[in-house]
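**Q** Residues per chain are reported as follows:
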Amino acid sequence: MSPNPQPAPIAATPRGNLYQPLVMKIASAREEAPDVRTLRLEFPDEASRAAFFAKYRVGMFGLYGVPGAGESTFCVASPPTRTGYIECTFRRTGRVTAALRDREVGQAITFRGPYGNCFPIETWKGRNLVFIAGGIALPPLRSVISNVLDRRAEFGKVTILYGARTVADLVYKDELAEWAKRADVNLVTTVDPGGETPDWKGKIGFVPAVLEQAAPGPDNAVALVCGPPIMIKFSLPVLKKLGFPDADTYTTLENRMKCGVGKCGRCNVGSLYVCKDGPVFTVEQLRGMPQGDL
Amino acid sequence: MEVDRLQTDAAELLRSGRARMVIGFRARGDQRVPAFITDPGQTGDLVVDDACRLNPAAYLRKPELKRFRPVALVARPAVMRSLVLLAAESQITDADVLVMAVGPDVYHGVLDLAGTTALLKEKYADLPHDAAMLKRIEELAAMTPQERAAFWAAQFAKCTRCYACRAACPGCYCERCIVEQNKPQWISTAARRHGNYAWNVIRAFHQAGRCTECGACEAACPQGIPLMLLNVRLAGDAQREFKAKAGYDPAAKPVIGTWSEDDGEEFIR
Amino acid sequence: MKVFDATKLSHVAAALQAAGYRVVAPIEDGAVVRLKEWAPGASIRPDVIPVNSAKDVLLPPSEVIGRTTFDGNDFTPQDVPVAAPRTVLLAVRPCDAAAMALLDTVFNWDYKDEFYNARREATTVVPVACTSTDDQCFCTSVGGAPDSKAGADAILRPADGGTKFIVEPITEKGKAMLAAAGGTIADGDAKADPPAAVPRRFDAQAVTAWLADHFEDDLWATVGLGCLGCGACTYACPTCHCFDIQDEATRREGVRLRNWDSCGFGQFTLHASGHNPRALQSARWRNRVMHKFSYIPQRFQMLGCTGCGRCARLCGAGMSMAEVCRLIDEESRKAAAK
Numbered sequence: 007m008s009p010n011p012q013p014a015p016i017a018a019t020p021r022g023n024l025y026q027p028l029v030m031k032i033a034s035a036r037e038e039a040p041d042v043r044t045l046r047l048e049f050p051d052e053a054s055r056a057a058f059f060a061k062y063r064v065g066m067f068g069l070y071g072v073p074g075a076g077e078s079t080f081c082v083a084s085p086p087t088r089t090g091y092i093e094c095t096f097r098r099t100g101r102v103t104a105a106l107r108d109r110e111v112g113q114a115i116t117f118r119g120p121y122g123n124c125f126p127i128e129t130w131k132g133r134n135l136v137f138i139a140g141g142i143a144l145p146p147l148r149s150v151i152s153n154v155l156d157r158r159a160e161f162g163k164v165t166i167l168y169g170a171r172t173v174a175d176l177v178y179k180d181e182l183a184e185w186a187k188r189a190d191v192n193l194v195t196t197v198d199p200g201g202e203t204p205d206w207k208g209k210i211g212f213v214p215a216v217l218e219q220a221a222p223g224p225d226n227a228v229a230l231v232c233g234p235p236i237m238i239k240f241s242l243p244v245l246k247k248l249g250f251p252d253a254d255t256y257t258t259l260e261n262r263m264k265c266g267v268g269k270c271g272r273c274n275v276g277s278l279y280v281c282k283d284g285p286v287f288t289v290e291q292l293r294g295m296p297q298g299d300l
Numbered sequence: 002m003e004v005d006r007l008q009t010d011a012a013e014l015l016r017s018g019r020a021r022m023v024i025g026f027r028a029r030g031d032q033r034v035p036a037f038i039t040d041p042g043q044t045g046d047l048v049v050d051d052a053c054r055l056n057p058a059a060y061l062r063k064p065e066l067k068r069f070r071p072v073a074l075v076a077r078p079a080v081m082r083s084l085v086l087l088a089a090e091s092q093i094t095d096a097d098v099l100v101m102a103v104g105p106d107v108y109h110g111v112l113d114l115a116g117t118t119a120l121l122k123e124k125y126a127d128l129p130h131d132a133a134m135l136k137r138i139e140e141l142a143a144m145t146p147q148e149r150a151a152f153w154a155a156q157f158a159k160c161t162r163c164y165a166c167r168a169a170c171p172g173c174y175c176e177r178c179i180v181e182q183n184k185p186q187w188i189s190t191a192a193r194r195h196g197n198y199a200w201n202v203i204r205a206f207h208q209a210g211r212c213t214e215c216g217a218c219e220a221a222c223p224q225g226i227p228l229m230l231l232n233v234r235l236a237g238d239a240q241r242e243f244k245a246k247a248g249y250d251p252a253a254k255p256v257i258g259t260w261s262e263d264d265g266e267e268f269i270r
Numbered sequence: 131m132k133v134f135d136a137t138k139l140s141h142v143a144a145a146l147q148a149a150g151y152r153v154v155a156p157i158e159d160g161a162v163v164r165l166k167e168w169a170p171g172a173s174i175r176p177d178v179i180p181v182n183s184a185k186d187v188l189l190p191p192s193e194v195i196g197r198t199t200f201d202g203n204d205f206t207p208q209d210v211p212v213a214a215p216r217t218v219l220l221a222v223r224p225c226d227a228a229a230m231a232l233l234d235t236v237f238n239w240d241y242k243d244e245f246y247n248a249r250r251e252a253t254t255v256v257p258v259a260c261t262s263t264d265d266q267c268f269c270t271s272v273g274g275a276p277d278s279k280a281g282a283d284a285i286l287r288p289a290d291g292g293t294k295f296i297v298e299p300i301t302e303k304g305k306a307m308l309a310a311a312g313g314t315i316a317d318g319d320a321k322a323d324p325p326a327a328v329p330r331r332f333d334a335q336a337v338t339a340w341l342a343d344h345f346e347d348d349l350w351a352t353v354g355l356g357c358l359g360c361g362a363c364t365y366a367c368p369t370c371h372c373f374d375i376q377d378e379a380t381r382r383e384g385v386r387l388r389n390w391d392s393c394g395f396g397q398f399t400l401h402a403s404g405h406n407p408r409a410l411q412s413a414r415w416r417n418r419v420m421h422k423f424s425y426i427p428q429r430f431q432m433l434g435c436t437g438c439g440r441c442a443r444l445c446g447a448g449m450s451m452a453e454v455c456r457l458i459d460e461e462s463r464k465a466a467a468k
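If you're matching them up, the sequences are chains A, B and C in order. Just so you know, we're using my numbering here: the first sequence kicks off at 7 and counts up by one. Just so you know, we're using my numbering here: the second sequence kicks off at 2 and counts up by one. Just so you know, we're using my numbering here: the third sequence kicks off at 131 and counts up by one.
Hints in this document: simulated from the structure, not taken from any laboratory. Being a predicted model, the structure only gives us computed values, none of them experimental. Backbone N, C-alpha and C fix where the C-beta goes; we use that ideal spot for every residue, glycine too. Where hints are given, some of them may not hold.
[As the list claims (entries may be wrong)] So the derived label-pair ranges between C-beta atoms look like this:
id: 1; chain 1: A; residue 1: GLN113; chain 2: B; residue 2: ARG29; range: 52 to 60 Å
id: 2; chain 1: B; residue 1: ILE179; chain 2: C; residue 2: ALA342; range: 37 to 45 Å
id: 3; chain 1: B; residue 1: PRO185; chain 2: A; residue 2: PRO199; range: 34 to 42 Å
id: 4; chain 1: C; residue 1: ASP204; chain 2: B; residue 2: PRO185; range: 20 to 28 Å
id: 5; chain 1: B; residue 1: ILE179; chain 2: C; residue 2: VAL194; range: 21 to 29 Å
[Unchecked claim] Coverage of chain A stretches by chain C, computed from C-beta distances (three or more under 8 Å per stretch; other residues unrestricted):
id: 6; region: 71-85
id: 7; region: 275-282
[To be verified] Below, in silico cross-link-like pairs of lysine-lysine (BS3-like), each with a Cα-Cα straight-line distance of 25 Å or less:
id: 8; chain 1: A; residue 1: LYS187; chain 2: A; residue 2: LYS246
id: 9; chain 1: A; residue 1: LYS131; chain 2: A; residue 2: LYS163
id: 10; chain 1: C; residue 1: LYS242; chain 2: A; residue 2: LYS282
id: 11; chain 1: B; residue 1: LYS124; chain 2: B; residue 2: LYS244
id: 12; chain 1: C; residue 1: LYS279; chain 2: C; residue 2: LYS321
id: 13; chain 1: C; residue 1: LYS242; chain 2: A; residue 2: LYS61
Make a model of the complete structure from these sequences and hints.
**A** In structure tokens:
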């Protein structure tokens with residue numbers, strides 16, 4: 007086929023464009039850490055807002071874009087209990103995230119979503135929740151934590167263990183301060199050795215080591231762990247040692263994405279598509295995946 | 002062509018450990034496909050004939066082949082030139098390759114890079130091109146710029162951006178090709194006219210003075226685009242303007258990256 | 131029986147064109163035969179497998195899926211018209227028609243891709259049964275046949291020693307095409323030529339079974355060696371559909387393009403962090419084979435390959451899906467014998 011077909015008569019009325027994004031207004035922006043930014047986004051109209059929240063469950067992701075630059079995939083970093091807006095948190099890494107970083111409050115970006123599966127939060131009622139996160143991977147767990155805290159009475163003990171390379175790299179510093187103040191949340195923060203500041207009051211040590219020290223109990227508990235691959239690699243054996251079953255430990259996977267809806271063929275790990283079967287997986291599922299495809 | 006002697010030499014290279022792998026060709030029905038032989042007992046599969054159009058030097062950029070070095074390559078003259086070019090561009094050294102040099106109906110034996118260079122200068126200093134192709138290049142040169150642009154636009158319209166030309170070329174070893182750069186996106190990745198034109202012309206220019214005229218790119222193109230009409234033309238220009246002929250000197254400096262006071266200035270009009 | 135003279139294939143094409151169809155057929159194009167739009171004077175070659183597949187019509191190499199206008203820092207998304215001219219794919223291969231089942235499935239899996247669907251609905255698929263084959267064909271190894279009607283709206287059968295074609299309408303679209311051809315296809319009698327004998331080259335079920343347990347196997351290191359990482363096989367393949375999404379813009383307007391992509395390219399799965407889950411070509415080749423013979427069957431109960439052989443025909447580096455499957459089948463039998 008000639009790669010440039012001549013314009014041809016339209017045979018059918020377009021029935022909707024699955025790739026057409028929403029235009030979201032940046033209501034506010036916050037610099038979390040060097041090169042890390044959180045955007046609070048508002049929907050263009052009530053119909054799209056309602057349609058989104060009818061589908062959105064915590065854990066799902068979206069594609070955030072700047073026309074001319076492209077789209078990038080991030081989780082929805084705010085919970086479905088806060089229905090006036092959505093948030094995303096990202097680090098400036100490449101072309102699209104650089105363009106997103108340059109957008110100003112009051113300007114617009116595009117959004118497609120929510121896509122993917124969700125954390126089965128409804129099955130966790132009455133259970134103790136242990137959140138383990140590292141660095142820029144706090145956002146997906148932050149949406150769960152916020153979801154849980156918005157419905158606090160429905161859940162048991164909440165333990166949050168969060169670490170970053172340095173104090174400056176900790177994201178959601180305001181929320182960390184709020185969580186620290188709450189009597190019904192056990193928050194442990196840590197920075198890597200050498201990452202502390204003179205007035206740092208939290209722990210010093212890598213997340214897996216601090217996790218082992220903190221030793222949250224596995225009874226009636228669910229663990230969620232998100233972080234850089236190296237952190238996951240060393241945290242999973244600790245969780246196992248502490249007695250957390252793989253089927254009750256959850257993580258999210260990321261892969262390079264383009265369509266987000268299972269058609270472009272690139273985000274699979276083995277037979278599972280991160281955009282359709284994920285991004286939320288249990289560690290049991292993770293162990294069943296071909297490790298050579300991660 | 003003493004294919005038997007080549008096969009025996011290949012087996013001996015593997016047995017002695019002088020080479021850990023022999024890369025050549027074997028027959029699969031009517032096709033000639035690359036053979037990656039580590040077992041001396043399989044060197045009997047090696048064939049050498051005109052149907053072997055792929056340039057095995059392209060495999061040297063694959064990281065998974067590094068552990069098999071030194072690799073012995075069955076190399077026809079254009080492939081020998083590619084190896085000398087790769088040496089000149091610091092991509093390979095004597096420790097990495099041995100050359101099983103073949104010419105039209107002759108097997109020259111196992112050579113190192115210095116021996117290969119000497120052989121090229123002695124016996125293959127002037128490798129003739131197909132007369133019909135040379136005539137076509139002349140016809141193109143005689144066209145007006147508009148006619149020539151129209152000719153190439155029609156050819157590049159067929160391009161689907163599969164990058165088989167790039168994959169087949171031993172000179173295309175950039176870890177991140179210019180078309181994969183996106184800050185900014187210098188060349189459109191879409192299989193459309195403007196991007197196709199840019200891609201093909203830029204690849205030809207990135208090979209100017211480096212192309213060893215092996216023809217593997219044209220052979221690889223699934224759309225039948227006559228890439229050699231462009232590459233051979235530019236190789237001729239490099240030779241005429243800068244006395245540069247790729248692949249004959251392992252110490253040669255790159256044409257495009259080098260300036261000399263003697264460089265001609267006729268192109269400045 | 132509806133019959134026409136084999137030498138009058140262009141007349142049929144002309145009649146269909148006059149009736150408003152865009153006719154896409156295997157056309158002589160320089161040194162190759164290519165599936166492209168027919169124009170009067172073009173030579174249709176139903177006897178040669180074209181270098182490209184019918185996928186090109188349903189999923190073009192590059193198309194616009196988004197359009198935006200810019201005004202300073204503001205932007206406004208625009209509508210995207212879908213170009214879906216009424217088309218007849220005339221004398222394509224049965225393996226190309228059979229491949230459409232997978233494309234239909236993927237492009238409607240939970241989310242409907244209306245760009246694809248509009249073109250699919252506008253296309254009438256008329257394969258010609260194969261009465262000859264070559265060394266690369268292997269439809270019979272993957273559940274297909276040289277005269278398969280899978281995905282066809284009508285089928286052409288070479289008859290009377292290749293001097294005639296019998297036209298067998300199958301669906302409403304096929305009947306409409308037949309009617310549109312008017313007098314160029316008339317009532318008559320002819321004896322269909324026997325379909326080509328395509329020898330079975332491997333046991334696809336054995337391959338699928340082996341793949342389930344052999345993600346880590348030495349075989350991948352060796353079979354992947356020849357691959358130089360271009361996209362020629364994936365682009366020519368009638369079932370491959372991986373794509374990239376790219377934005378291109380000026381200060382005034384921009385488009386979002388859906389372009390063909392290939393899992394064989396080095397950067398296909400590259401993360402922004404620099405991590406690449408499939409950093410070596412052997413891993414990319416493994417994914418390709420797994421996708422076609424393991425992941426797609428698991429999810430959609432069909433193979434991701436219809437045995438057209440284009441990948442092997444055009445790969446200058448000797449890669450061949452059938453050859454890899456044959457090797458796997460052999461491995462699997464060797465293991466069973468132990």
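**Q** Output the indices of the hints that this structure fails to meet, ascending.
**A** 8
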